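Visitor: Protein chains in written order, with the working numbering: chain A, 1 to 525; chain B, 1 to 278.
Think of the hints as simulated: they come from the structure by calculation, not from any bench. It is possible that part of the hints are untrue.
Ranges of calculated distance between the beta carbons of each label pair, as one might list FRET restraints [as the list claims (entries may be wrong)]:
id	chain 1	residue 1	chain 2	residue 2	range
1	A	Pro35	B	Val181	20 to 30 Å
2	A	Glu216	B	Val45	26 to 36 Å
3	B	Ala65	A	Pro273	28 to 38 Å
4	A	Trp247	B	Pro206	33 to 43 Å
What you are looking at is a predicted structure, and each value in this text was computed from that prediction instead of being measured. All C-beta atoms, glycine included, are put in the ideal place defined by N, C-alpha and C.
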Amino acid sequence: MRDSAAGASAPRWTDEQVVALAPGRIGAARAVAEPSTWHGLGADDRALWGQCGGSGREPYDVAVDHGTVNAQCSCPSRQRPCKHALALMLLWAHGQVPPGDRPARLGRWLAANAARTPLPAHERAAAGDSSAGAAGAAEPGSGDAGGGPGAGEGDLGEGPAAGVPEPGDAPPPGAERDPSRAARVAAGLQELDRWLVDRMRGGIADPALGSYATWEAVAARLVDAQAAGLANRVRRIGAAVGSRPDWHDHVLAELGVLHLLARAGQRLADLPPDLADGVAAAVGWQVRQADVLANTPDTDTWLVAGRSDTLEDRIVVRRLWLHGARHGWAMLLSFAAFGQSLDAWPSVGMTLTGDLHRYPGAVRLRALLGEITATTAPGGIVVQPGGSADPRRAGQADPGAPTAASAFGVSVAEGCAAVGAALAAEPWLERHPLAVRASATIDGGRWVLTDATGSLPLAGAATTDELATLLAATATAPGVVVAEWTPQGVVPVAVHTGTSSIDVGPRGGFTGRPWRDQPATRGRR
Amino acid sequence: MTVDLDAYWHDLFGAALLGTDRRLPSDRPPAPIAELLVELPPPDVASRLLDEVAAAAALRRAGVAPVAPAAPLQAPPADPRPEIPPAAAARLVHVLDAWPVLEPEWLRTVVGNGWRLGADTTVTLLRRHRTDGHVRPLVEAAAGPLATWLADHVPSLAGGKRLVAAPDPSDHLAGVPPELVAVAAASPGEVAAAVRARVQFHGRSPAERAPLVAYLAHVPAVALAEIAEALGALHADAATTMLAAYLADLATTRNLMLQELTMTRDDPSTTPNGRTAQ
Numbered sequence: 001m002r003d004s005a006a007g008a009s010a011p012r013w014t015d016e017q018v019v020a021l022a023p024g025r026i027g028a029a030r031a032v033a034e035p036s037t038w039h040g041l042g043a044d045d046r047a048l049w050g051q052c053g054g055s056g057r058e059p060y061d062v063a064v065d066h067g068t069v070n071a072q073c074s075c076p077s078r079q080r081p082c083k084h085a086l087a088l089m090l091l092w093a094h095g096q097v098p099p100g101d102r103p104a105r106l107g108r109w110l111a112a113n114a115a116r117t118p119l120p121a122h123e124r125a126a127a128g129d130s131s132a133g134a135a136g137a138a139e140p141g142s143g144d145a146g147g148g149p150g151a152g153e154g155d156l157g158e159g160p161a162a163g164v165p166e167p168g169d170a171p172p173p174g175a176e177r178d179p180s181r182a183a184r185v186a187a188g189l190q191e192l193d194r195w196l197v198d199r200m201r202g203g204i205a206d207p208a209l210g211s212y213a214t215w216e217a218v219a220a221r222l223v224d225a226q227a228a229g230l231a232n233r234v235r236r237i238g239a240a241v242g243s244r245p246d247w248h249d250h251v252l253a254e255l256g257v258l259h260l261l262a263r264a265g266q267r268l269a270d271l272p273p274d275l276a277d278g279v280a281a282a283v284g285w286q287v288r289q290a291d292v293l294a295n296t297p298d299t300d301t302w303l304v305a306g307r308s309d310t311l312e313d314r315i316v317v318r319r320l321w322l323h324g325a326r327h328g329w330a331m332l333l334s335f336a337a338f339g340q341s342l343d344a345w346p347s348v349g350m351t352l353t354g355d356l357h358r359y360p361g362a363v364r365l366r367a368l369l370g371e372i373t374a375t376t377a378p379g380g381i382v383v384q385p386g387g388s389a390d391p392r393r394a395g396q397a398d399p400g401a402p403t404a405a406s407a408f409g410v411s412v413a414e415g416c417a418a419v420g421a422a423l424a425a426e427p428w429l430e431r432h433p434l435a436v437r438a439s440a441t442i443d444g445g446r447w448v449l450t451d452a453t454g455s456l457p458l459a460g461a462a463t464t465d466e467l468a469t470l471l472a473a474t475a476t477a478p479g480v481v482v483a484e485w486t487p488q489g490v491v492p493v494a495v496h497t498g499t500s501s502i503d504v505g506p507r508g509g510f511t512g513r514p515w516r517d518q519p520a521t522r523g524r525r
Numbered sequence: 001m002t003v004d005l006d007a008y009w010h011d012l013f014g015a016a017l018l019g020t021d022r023r024l025p026s027d028r029p030p031a032p033i034a035e036l037l038v039e040l041p042p043p044d045v046a047s048r049l050l051d052e053v054a055a056a057a058a059l060r061r062a063g064v065a066p067v068a069p070a071a072p073l074q075a076p077p078a079d080p081r082p083e084i085p086p087a088a089a090a091r092l093v094h095v096l097d098a099w100p101v102l103e104p105e106w107l108r109t110v111v112g113n114g115w116r117l118g119a120d121t122t123v124t125l126l127r128r129h130r131t132d133g134h135v136r137p138l139v140e141a142a143a144g145p146l147a148t149w150l151a152d153h154v155p156s157l158a159g160g161k162r163l164v165a166a167p168d169p170s171d172h173l174a175g176v177p178p179e180l181v182a183v184a185a186a187s188p189g190e191v192a193a194a195v196r197a198r199v200q201f202h203g204r205s206p207a208e209r210a211p212l213v214a215y216l217a218h219v220p221a222v223a224l225a226e227i228a229e230a231l232g233a234l235h236a237d238a239a240t241t242m243l244a245a246y247l248a249d250l251a252t253t254r255n256l257m258l259q260e261l262t263m264t265r266d267d268p269s270t271t272p273n274g275r276t277a278q
């Protein structure tokens, strides 16, 4: 919860929100969050500042941009946020930072932060900004097309240890790369491969693989090698250990995929360009948002078909699945530190008419929103840029807007074939959407989506409210069920019937309330 | 040539589980796999196993296929009632979050006006009122046959032991100031004036809140709009103004809630299937 600080006009963070940024360093931060060791403290509606240090020591200049969640400090620590930035935020959370006049030296830094973290498209539209410099929903500059936080500039986390790439853009694969970084990545991939071979030699029944510390050590080495995408992947494998009875089988398959990426990542120049782009993204090479936005967009009417939130290493990752009648599937990624709010727009059931700019790769799922010329809220009401409803259509549904049931939805067999084709192109994909005209049923004690062509086992427990909602929505007639294929099974994320679009996607424990008590979001037509 | 990928994977899994130091994999992989690996002569048997695991994992993923079709569940009996309007469903979210005192009336109005609950609302309310002896029957009536059907297939939604009994019908009058009780049946203007006066002169007392909430949750609906307007125009000390705003939201919510559930299929603002143009 946020409340107004005494004297500062912006909503003040709580202690819990600060802790959520970097739980592992909060103890050190509290040790320096002593007002007597600070001077020159100040806050305004965008930033905090101050100097931390005792007598006889050069104080550190500390500043926090609480609008875009960035920090800077003159201390030698490479981690961001450092303990001094966290301490400053703790002081602010407890009302010990008075309002003040912002130092001039922060102006350029704040402006640069704002430029890297643009407004969401709907806010630009509301502001009447139809410039081509749209950058869509607030997304860090991550090259992780397949999922995972891989957060880039402007995102606070645990620093490199959490797999957050260091600030600074990397040129896209195929272009000239920093030779020193390329060498580090190559060395890291070679080391990973040697570790994988050792696992084949010693066996995956080795008790050491049952310890998360084993996986964390491998991930840390990959982070040092600037292969953050693979580091995150290794952590996810470690988290899967012991999660189900057949975890060895799953882990073995994932080790195989790691080997694919490790080998391919060392031979990017020898691969076809699209494949090289996909491999590079999976390894952790970033792609500049500006480069993505410079690509030729796909223009279509995009249905917001589904949403899923997952918690990955204290970062909430939201995937919005969009489907265009002409250009198929696309994914918007957004991130937030655990406890912070993600943008609620767009919501399941809406349609967006406009441009999507896709990240490079063989499958090209991940995209950025470009210029959006119209949105249709659930219910079919056309909303013009600027937020006002089209007066010619006030109170009436747009007959041109595609209904969910008519725009997409294939058989179970066709859906599997489409997913298989994507996985043949990028076997390391961890999620892929599919939309099937099917109903939920029980088969052999497990829940499945079924139609005349086959069944898909659902991942997760059989008694969650999301599953119950899916069951209820398709009880009398099959709807279009949008789901995420994952190696662990299919996860339903939305149900589209003739009259409504219901968001049943996982919420990753985001709000802190028991998952099963979350009401399904209503996106009614 | 077809390859039994599952059998091949089982063999690889066995070798990988124990490790090549203890167990060697099969000498030669199936032809399709061997062709994939022909240009990658591995330096040792562990590396070869890793190559085969990688190739087989990729092939298995690309070959994702459904299992046999399953028998669909028998559908619940048809419910001819139209589904509640989207606006009403959205209003319920606010009611559940801020004004649960209105929930029983919302449900009674759904049932009384011939609506039925949607899928997600049904699940939410069944979960919420497993053991509520007062509201659970209202939910089941509003959900229709779907409620029983869902409870059969999702046991955690079934009604539990009824621990909460129905409230006394006169409970809402407990603690209500006599002057408000006296005007409950008066004109909307008189009711609004009485409520405003009570809040204006007694609003600083925390004890006023609960009885006023109960009163506004049961006052004749025709007075709600004027009550909301009267309270919205009240400006006094901070505590009184906050209470007035708080109660104005209650009156407004209840008023809109009842309006949204009173629209019928003959209403020009209601689209087919009970949808309401927003």
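Visitor: Work down the list of hints and note, for each, if the structure agrees.
Guide: Here's how the hints hold up against the structure:
For the pair proline 35(A) and valine 181(B), the supplied restraint of 20 to 30 Å is violated, since their beta-carbon distance comes to about 55 Å. Separation of glutamate 216(A) from valine 45(B) is about 29 Å and conforms to the stated range, judged on CB atoms against 26 to 36 Å. In this structure, alanine 65(B) and proline 273(A) meet the distance hint of 28 to 38 Å, their C-beta atoms being roughly 30 Å apart. At roughly 55 Å, the beta-carbon separation of tryptophan 247(A) and proline 206(B) lies outside the given 33 to 43 Å, and the hint is violated.
This entry does not satisfy hints 1, 4, going by the numbered hints stated previously.
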